[in-house]
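We have chain A; now place chains B and C onto it with these hints.
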Amino acid sequence: MLTALLILFPFLAALLVFFTKGNNARNMAMLFSVVEFVISMAAFFQFKNNPDSALLSFNTAWVPSLGIRLSAAIDGLSLLMVLLTTFLVPLIILSSYKNNYNTPNYFYGLILMMQMALVGVFVANDGFLFYVFWELALIPIYFICLLWGGENRSAITFKFFVYTLLGSLFMLIGLIYLYNHTNVEGLKSWAIRDLYEAGRSLTASQQSAVFWLIFIAFAIKMPIFPLHTWQPDTYVTAPTQGTMLLSGIMLKMGTFGVIKWLLPIVPLGLAKWGSTAICLSAIGVVYASIIAIQQKDFKRLIAYSSIAHVGLIAAGILAANQQGIQGAMMQMLAHGVNVIGLFFIAEILLQQTGTRDIPSLGGIRNLNANFAILFLIIVLGSVALPLTNGFVGEFLLINGIYQYNAGFAAFAGLTVILGAVYMLRGYQNIMLGEVKPSVHFGKLASTEKAVLVIICITIIAFGVYPKPLNDIAEQGTKAILQMMK
Amino acid sequence: MIKLAALIPLFPLLGFLINAFFGKKISKGLSGTIASITVLASFIVSILIFMELHASHEKQHVVNVFSWINSGSLQIPFEFLIDPLSSWFLLIITGIGFLIHVYSIGYMHDDEGFTRFFTYLNLFVFFMLLLVLGNNFLITFVGWEGVGLCSYLLIGFWFKNTAYNNAAKKAFIMNRIGDLGFLLGIILIFVTFGSISYTEVFDKAGTAETSTITAIALLLFIGAMGKSAQLPLYTWLPDAMAGPTPVSALIHAATMVTAGIFMVVRANVFYSISDVASNTVAIVGVATALFAATIGLFQNDIKKILAYSTVSQLGLMFLGLGVGAFSSSVFHVTTHAFFKALLFLGAGSVIHAMGGEQDIRKMGGLWGKIKITAITMLIGTLAISGVPGLSGFFSKDEILAHTYEHSKVLWLLGMITSMLTAFYMFRLLFLTFFGKFRGTHEQEHHLHESPFSMTVPLMILAVLSIFGGLLGLPEFWGTGNWMHHHLDPVILRKNDSVLSHETEWTLMILAVAAAAAVILFAWMVYMKNRVLPVNKEEQLKPWQRVIYNKYYVDEIYDFLIRKPLDVLSNIFHKFLDVQLIDGIVNGIGSGVKSLGSVVRLAQSGNIGFYITSMVLGVVLIILLTFLK
Amino acid sequence: MINGISINYYLMLSTVLFIIGAVGVMARRNTIILFMCIELMLNAVNLLLVAFSVLHNDASGQVFVFFIMAVAAAEVAVGLAILSMIYRNIKSIDTDLLGNLKN
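Residue numbers (this note's numbering), protein chains in the order written: chain A, 30 to 514; chain B, 16 to 643; chain C, 1479 to 1581.
Pulled out of the complex, with its shape left as it was, chain A reads as follows (with noise of 0.2 Å):
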């Protein structure tokens, strides 16, 4: 019931926002995200409650002659994730509050079925539903994209739009490669039980192209080196709030598909390709980092850093154990709200000074003292401080690739220092020194303000007290790994 609803409330929701006129249609977007947001929570008690509550699931026919039907759960792990899209849509819209965009009602409608989609993609329990929630994802992120992003924003578009579909389409093989292995009493099945099963049937050998096919898919979308070209030109394009859902809640659909759609089903295939995959990963962190260092374009800057988080994430993942998946999913929710709050952050250098450019600010700690302590303390969640939500995840995470293989871990880790410079560095160009004359910087409008605090109230808290969130994700990962054996 529940988790219909949270699938159809948005979209209905997007379908009024659609036909609403002018910059009531934000009120209202902002008004249903929110009651979105309340319906997640309630779904949260619940599952604290009864997880096994009938509420939380619902399951039906839709096509029967092929085996698909409409079934979709809350459980551990997807609530955490969709707990992070509906606390992070609201924001994202809240951070719109400045911009005035053409044809609110469609951007703000896109953004409500972006969200529809990503719920769904969360929740989906069936392969066929899970692939339809997954391709649905991109298309209003494409429209956000190509109408309302920056220079030459139709070619990088179109770029990631074809890279990402490109991958998707393996993932596609892949499952009805699966799909055509499922045997349940002679009928074929689409069930995510009967794939996982289907998938440990499989030779070694099979395992491992079904590996592959799957890992392209959620590679790209993560993006994990060398596959990752295509995300920090996006980036950098794409309007502020349409950055924000690609790295805040697209990007972990990469990430929960390993975990959900991939370890689970081919055991074999990763115990042969995993040390590969993580390898890629572990490059991913540090060449991020590196070249994270000098970027001039602090929207870029964030992109690549973005890369080098999600490297680690990945890496942890695929060493498929209780620190290293729990630590992913722990990560997973701080680097969502961190990179949201770090786009956010640019946006405003932006829309103030003019400019995103390093290098031609300075100084703005002297012109507005609490942005600097917000931005300090946004910068601290990103580098992992201890106290700070990226502290938990960044921890379990090396302690997972760690118990895998000390090597990774101690070069992945690298992360812990390359962080700091870039992110402080980054830091001090902009904020500090004396200020520089061409820089102008005012106060900050008060919905600015709401979204940075509620950001920083959000990495603080869940980083000194972090147990409401990590106690559902060691389940969520103890029952994943039940489900390897």
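Warning: the hint list may mix true and false statements.
[To be verified] Distance condition first, Cα-Cα at most 35 Å in a straight line; then the derived DSBU-like pairs of lysine-lysine:
hint	chain 1	residue 1	chain 2	residue 2
1	B	39	A	496
2	A	325	A	472
3	A	325	B	451
4	B	39	A	478
5	B	451	B	384
6	B	578	B	565
[What the hints assert, rightly or not] In silico negatives: residues of chain C with every beta carbon more than 12 Å from chain B:
hint	residue
7	1482
8	1489
9	1514
10	1520
11	1542
12	1546
13	1550
14	1552
15	1558
16	1562
17	1563
None of these hints come from the bench; they were simulated from the model.
Here a beta-carbon is modelled for each residue, glycine too, at the ideal position from N, C-alpha and C.
Chains B and C only, in chain A's frame:
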């Protein structure tokens, strides 16, 4: 009372929150007072806890605050451990912390960032207390990184100055290098023992293989190298003098930089088991001590001299740890906290009097002008130089005696270090307080003694520097070494002295003689002959210039690490990322496109051609079907 | 056997008609003639359908023919309308001049 241990870090946290949120609304005096009182409150609680622990037979008390991170078999509660080691460090941190807070009220009085300063300072105390209180490695790590953050904030306190900001960033990043080692060490501990709680891990330490223990000990030591400024990660500490002087006294002399020593003492059982690790610690320690002491000889900035002296003294403490004299090192941490805080605060008072001047070449003859500062500084200098009877003498001597039984070479190097220390400290004292005044006329006119809030802490610290030695009178005097006795429950594998009393006496007399000779030499050079440091670098001999420029270590790091990283970043971005990887991606795209442009020729738009090819196709299909 | 005439003759006739139509479509460029040739091919097929319908004594073949004739008539109507539009625009009905969809 022990059950209320959580109060100790809570008070400074409260002070931090009050100043952070209401700092702008309350007056300067109030915010300074609130900050100081919260630390005083912690100090009082610390004393009560210390007394209670002292009286109790049970020497380990675990206080659970809340459950923090759980992940399968990895259970990390937010838990505090009260034992002789942590309770002792609590006293140092809150006690000296309180004095320095009081001092800062006077020192920072005219600074526009007054409340911000106290906000950071309280936050620092909070994290430092977490560091020593934690009952597992991760809580210690929380404090460890937290104090690093505060150090970053306070070094870059005057954020308009780019050089200061760079120093702050350097400190943070250098520390992070160590922190990665520490983090990996913690993880290895978890992998080996299945827990990271002190109370569990140290009991099991004997069960692991020595090579694993060595790896753990070395990784932890990398963390200590960063935090306690040991070779090769020491360069941030001299630069950290960019921060306000009370910060240098509290963070970069008395407390934070000794965190590395605290951690090694905490994990002493690992170092006792692994000879490789303990020898590494000893060698790195003595090398740092000697290296920094030589640099100290040629510095002219009063705070830089003290900074290198701190690095050198920390090296000496690690030497002590390396030879297994754990309690002696803690003893030296304590006395060092007294006299080095005193020296820094005294230096601050001098700088205050001189209107911001830090170059000792431009001072001189201050003895009569700022009497209290001068006398307390003299006491501090005597203490650090190892003059008999003062605190530094006992603690240094204890470390050197333990070193002697371990290795004569290390002992010799340690002796040379302490001689160099005595020399450059007296150089500083003579050049600053004696001779003729060398500053501007305006400065001379402006000279004044600091207010009471600054001089009272100086006097208290001076008294502590004199009598601090009583905490650890030599064992062979028959008086009993209190410090040794106090820390006994914490040191899991004992290493009892084997030296004869005669040897110990000889060593002590040797040390006294050496100190006396060096002080006399310094007196000859700077008082009798009135030698002044040259003003221009060109007048120095080549070898002196190398030392004067700190062996060019910063430049070497710049050349070996920073520059290549920047270049690598550009290569990765411009060549590898944009050209190669993205080039391949775009290449595939344009390959498809050009294939399309070939195939599209077939779509000429000529209807006749379409139909012809259609009919031909149909015929072909029919033919193929029939031929089958 | 339909009224004494062998099915082979129907087959031959319709094949010839169809080939004439097909060749016409391929070879000629005048759109009107193309139309006529297409009609020729359709009718060749119609003839065949009717012949077989009688042969197998099954009326559905003839029903198909009605459908085809109706569709063909509609198609011609639409086609001729397009044709007259084309003629109005380019003063010609030569297919070679219609190579460019864009204009």
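Task: Structure versus earlier hints - violations, ascending order - done: 3
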